[in-house]
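Number of protein chains: 2
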Amino acid sequence: MSDSIKTLIESRVSTGLYDTSRTLSDETVNELVRLATRAPSAYNLQNWRFIAVRSDEAKARLKAAAYDQPQVLDAQVTFIVCGRLAAHEGLAEALQPTVDAGIFAQEMLEGWVTEASASHKDNINKQRDEAFRSASLAAMTLMLAAEGMGLSTGPMSGFDPVAVSEAFGLTEKDVPVMLVTAGYGSDENWPQKPRKPLDQVLEIV
Amino acid sequence: MSDSIKTLIESRVSTGLYDTSRTLSDETVNELVRLATRAPSAYNLQNWRFIAVRSDEAKARLKAAAYDQPQVLDAQVTFIVCGRLAAHEGLAEALQPTVDAGIFAQEMLEGWVTEASASHKDNINKQRDEAFRSASLAAMTLMLAAEGMGLSTGPMSGFDPVAVSEAFGLTEKDVPVMLVTAGYGSDENWPQKPRKPLDQVLEIV
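In order, the protein sequences belong to chains A and B.
Per the numbering used here, residue 2 is the first one in the first sequence, and the count goes up by one each step.
Per the numbering used here, residue 2 is the first one in the second sequence, and the count goes up by one each step.
Just so you know, not all the hints are guaranteed correct.
Intra- or inter-copy, both count: the list cannot distinguish identical chains.
Listed next, the in silico PhoX-like pairs over lysine-lysine satisfying Cα-Cα at most 25 Å (straight line) [unchecked claim]:
| no. | residue 1 | residue 2 |
| --- | --- | --- |
| 1 | Lys7 | Lys174 |
| 2 | Lys174 | Lys122 |
| 3 | Lys127 | Lys64 |
| 4 | Lys60 | Lys174 |
These are computed hints drawn from the structure, not numbers from a lab.
Quick caveat, the model's predicted, so the values are computed rather than measured.
Take these sequences, add in the hints, and give me the full structure.
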């Protein structure tokens, strides 16, 4: 199987049906999230958090918070991909390894923290937008990484964020942005659905 | 150069410095957006719109709306990636090719339109969340597709959305979610910055 990025993008399908006889190792779950966190985030905030729902008990909890959609039980794992609010508060710590690696200087870190704090501190809408952006970028990276490992995924926005937060003890700073089921898809999933013609969505100026 | 997805994810850097001597063809811009729109969206809403800013005149307009960040001039192109509000209104049209291709039946389309309309119609927050999700998933797909084509990209959330909307005649339904510069990066960009250890961002339950 070719895993050129073009092939992966064109062959990915949003998967609802999984082969329930299979399992996924800790190692694979870890690798998916490791690659997901290579996604970019503003200031390298890394304002995300992943809960990998894999046990029967946790799957049942998540299904109840996701309008009883069965794929949450059938998939080998479902990731609750959260963005985090007030991420500027953790920026200095998030960037310290960049300074330690000699990529940029301590003054740059301090400048970024000052700038991010000034723009985010009293702006909950900006914090929320940033949480949605970062979590979604990471989720897409995870889905394409999975595709390259021969796995299938299905993004879901159909869930009750309050119920998910309660069921998994999320803090008030964690915004559940998307669920992503992952595992071994069955052969009965729909093919990728057609997209709009380019001239309906793109303008070059 | 290997273009395995793992390599692409690990080698992508958020690029601010571009080789200004190069240009990018219409064909390449089109191909990037064609692949970006293969990203998933809820109900296959495809609630996105791309403006590829490539002329000197348009770049100057965008730079003024992006806090004068110079990479908007230097990059071969900058995509204004918009999510769209009230996307349920266009869902029937967006899904018709799926019915025409025999992937699912007309009744399924009608069911999805009814369901999406019920949940989105009077819920501007949900519409906005969906716009941010879809546009960000498409933006990440575009960035990895670009990487596979030997191009560099840089996502930017540092812009004034109102100014961008005014400068490019966006409608009130278009939400500019992210700018993505793209082109030929110079050799002076930072390497990919270190990420948090996995145990700080992942919990398996």
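Results of checking the hints against the structure:
1. Taking the closest pair of Cα atoms, Lys7 and Lys174 never come within 25 Å of each other, the shortest separation being 36 Å inside a single copy and 30 Å across copies.
2. For the identical chains of this complex, Lys174 and Lys122 are intra-copy neighbours only, at 13 Å inside a copy versus 27 Å across copies, given an alpha-carbon limit of 25 Å.
3. In the homo-oligomer, the alpha carbons of Lys127 and Lys64 lie at most 25 Å apart only across protomers (20 Å), although the nearest pairing inside one protomer, at 30 Å, exceeds that limit.
4. For a Cα distance limit of 25 Å, the shortest separation of Lys60 from Lys174 inside one copy, 23 Å, qualifies, whereas the shortest one across copies, 36 Å, does not.
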